[in-house]
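Residue numbers (the numbering used here), protein chains in the order written: chain G, 33 to 242; chain D, 33 to 242.
Quick caveat, the hints were computed from the structure, so don't treat them as lab data.
C-beta: ideal position from N, C-alpha, C; glycine also.
Honestly, I wouldn't trust all of these hints.
Said to hold, decoys possible - Quick list of the computed label-pair ranges, beta carbon to beta carbon:
{"#": "1", "chain 1": "G", "residue 1": "V97", "chain 2": "D", "residue 2": "S240", "range": "23 to 29 Å"}
{"#": "2", "chain 1": "G", "residue 1": "V97", "chain 2": "D", "residue 2": "P123", "range": "39 to 45 Å"}
{"#": "3", "chain 1": "G", "residue 1": "D64", "chain 2": "D", "residue 2": "S240", "range": "24 to 30 Å"}
{"#": "4", "chain 1": "G", "residue 1": "R67", "chain 2": "D", "residue 2": "G191", "range": "27 to 33 Å"}
{"#": "5", "chain 1": "G", "residue 1": "Q147", "chain 2": "D", "residue 2": "E69", "range": "33 to 39 Å"}
There are 2 protein chains.
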Amino acid sequence: MFIGAQVSLYPMVSDFVRVIFSGLEALAPYRDRLRIETDDISTLMVGAPEPLFDGLRDFFARAAVEPGETLETPAHVTMHVTLSRGCPGEPDDPSCRCDVLATTQDTPLAERQQQALEAVRNAPQTGVEIDVQFSLYVMGQDRHMDEIYGCIDFLRDSGTFLKSKNFSTRLRGDAGAVFETLRQAFLRFGPAEGHVTIDMTASANSPSPR
Amino acid sequence: MFIGAQVSLYPMVSDFVRVIFSGLEALAPYRDRLRIETDDISTLMVGAPEPLFDGLRDFFARAAVEPGETLETPAHVTMHVTLSRGCPGEPDDPSCRCDVLATTQDTPLAERQQQALEAVRNAPQTGVEIDVQFSLYVMGQDRHMDEIYGCIDFLRDSGTFLKSKNFSTRLRGDAGAVFETLRQAFLRFGPAEGHVTIDMTASANSPSPR
Numbered sequence: 033m034f035i036g037a038q039v040s041l042y043p044m045v046s047d048f049v050r051v052i053f054s055g056l057e058a059l060a061p062y063r064d065r066l067r068i069e070t071d072d073i074s075t076l077m078v079g080a081p082e083p084l085f086d087g088l089r090d091f092f093a094r095a096a097v098e099p100g101e102t103l104e105t106p107a108h109v110t111m112h113v114t115l116s117r118g119c120p121g122e123p124d125d126p127s128c129r130c131d132v133l134a135t136t137q138d139t140p141l142a143e144r145q146q147q148a149l150e151a152v153r154n155a156p157q158t159g160v161e162i163d164v165q166f167s168l169y170v171m172g173q174d175r176h177m178d179e180i181y182g183c184i185d186f187l188r189d190s191g192t193f194l195k196s197k198n199f200s201t202r203l204r205g206d207a208g209a210v211f212e213t214l215r216q217a218f219l220r221f222g223p224a225e226g227h228v229t230i231d232m233t234a235s236a237n238s239p240s241p242r
Numbered sequence: 033m034f035i036g037a038q039v040s041l042y043p044m045v046s047d048f049v050r051v052i053f054s055g056l057e058a059l060a061p062y063r064d065r066l067r068i069e070t071d072d073i074s075t076l077m078v079g080a081p082e083p084l085f086d087g088l089r090d091f092f093a094r095a096a097v098e099p100g101e102t103l104e105t106p107a108h109v110t111m112h113v114t115l116s117r118g119c120p121g122e123p124d125d126p127s128c129r130c131d132v133l134a135t136t137q138d139t140p141l142a143e144r145q146q147q148a149l150e151a152v153r154n155a156p157q158t159g160v161e162i163d164v165q166f167s168l169y170v171m172g173q174d175r176h177m178d179e180i181y182g183c184i185d186f187l188r189d190s191g192t193f194l195k196s197k198n199f200s201t202r203l204r205g206d207a208g209a210v211f212e213t214l215r216q217a218f219l220r221f222g223p224a225e226g227h228v229t230i231d232m233t234a235s236a237n238s239p240s241p242r
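With the rest of the complex left out, here is chain G (with noise of 0.2 Å):
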């Protein structure tokens, strides 16, 4: 099983090199456990999905209460996030293993469901406020929609669920609840040996009305 995401934060201030940077410090704690490699377009982050989500999830917290440069209040700020699990170009990678993922696949999808929303509960409160936009794809198998319907319906009650929109659904909540529903999202629907990618986009401190 290969897991990973490849990573892109758009703090929209012209020293934004400088919120990403400071994004980047949250990312610390979990350098031991993530593979982490930076280009010009995004940081790739391969490992498990325990450090992967936590990491996401405190880059972007810290991003979004960094002060803007000549604003009081923190910049806008936005993450465009690609993650995949199993896809059969990936090597194989011992890090990635993940206890969750392995009993999926003998699970039935309601149960899963109540794994997922008991995940959620018990996140943890980041205090950070945040907009989430993504969606799940399911490769390899005839009846991917089920699994999708399976997964929204699980959404609609994790407390962190806004609306549905053409192609995506919308998140909001606080950071750690927010990350959390990603995760189960991620683990908990598609096969566990299949091939699943998220294309999730978060955003903090936007100027236009909610």
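Given chain G's structure and the hints, the job is docking chain D onto it.
Below, chain D alone, put in the same frame as chain G:
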């Protein structure tokens, strides 16, 4: 068939709203053929692939040359696009009718690759150099990687291919050729009536070493 995109533009400059509005002016010629709806996270664009990809190209190319606030050169700007065709959860929409797509089902892979290459050769020049990173997802069939590998072969010959990365492919070149490459990847690979999506990021004027 329902075809569309969720689009977000991210100018890394404090007066980012001005750059976004400048980019939106470039969409004017397409508004009679695209349904366009904006909220605080993204802009939905629904319509056939011809106006859809032309509109995305012109929107991003315009934003990429817009001078920055206190800078003499244009700001670093990125755009994230979630593209989708044939999602079983979306209604049929006559405005999305696409003749290229209708013929795909019966055309062998090698012939589709040649048609895609010819389209990229005939793409207009915009004079705007851009970088793109994207992933193509083909759902609802067992052998989804065959179509993805077939698409990657086309990309390698397209003239816009830069490199492969984990989970994604990098393109670089004139915005005209790059967006034509994306349109061909979206239309000519995966079943004509199937559920195909693209997770795509465009970047211009990055201060990072290329």
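Hint check:
1. For V97(G) and S240(D), the hinted distance range of 23 to 29 Å is satisfied, since their beta carbons lie about 24 Å from each other.
2. At about 41 Å, the CB distance of V97(G) to P123(D) agrees with the hint of 39 to 45 Å.
3. Taking 24 to 30 Å as the suggested C-beta distance range, the pair D64(G) and S240(D) conforms, at roughly 26 Å.
4. Checking the proposed 27 to 33 Å range against R67(G) and G191(D) shows it holds: the Cβ atoms sit about 32 Å from each other.
5. Judged by the Cβ atoms, the range 33 to 39 Å given for Q147(G) and E69(D) holds: they are separated by roughly 36 Å.
Violated hints are absent here; each numbered hint is respected by the structure.
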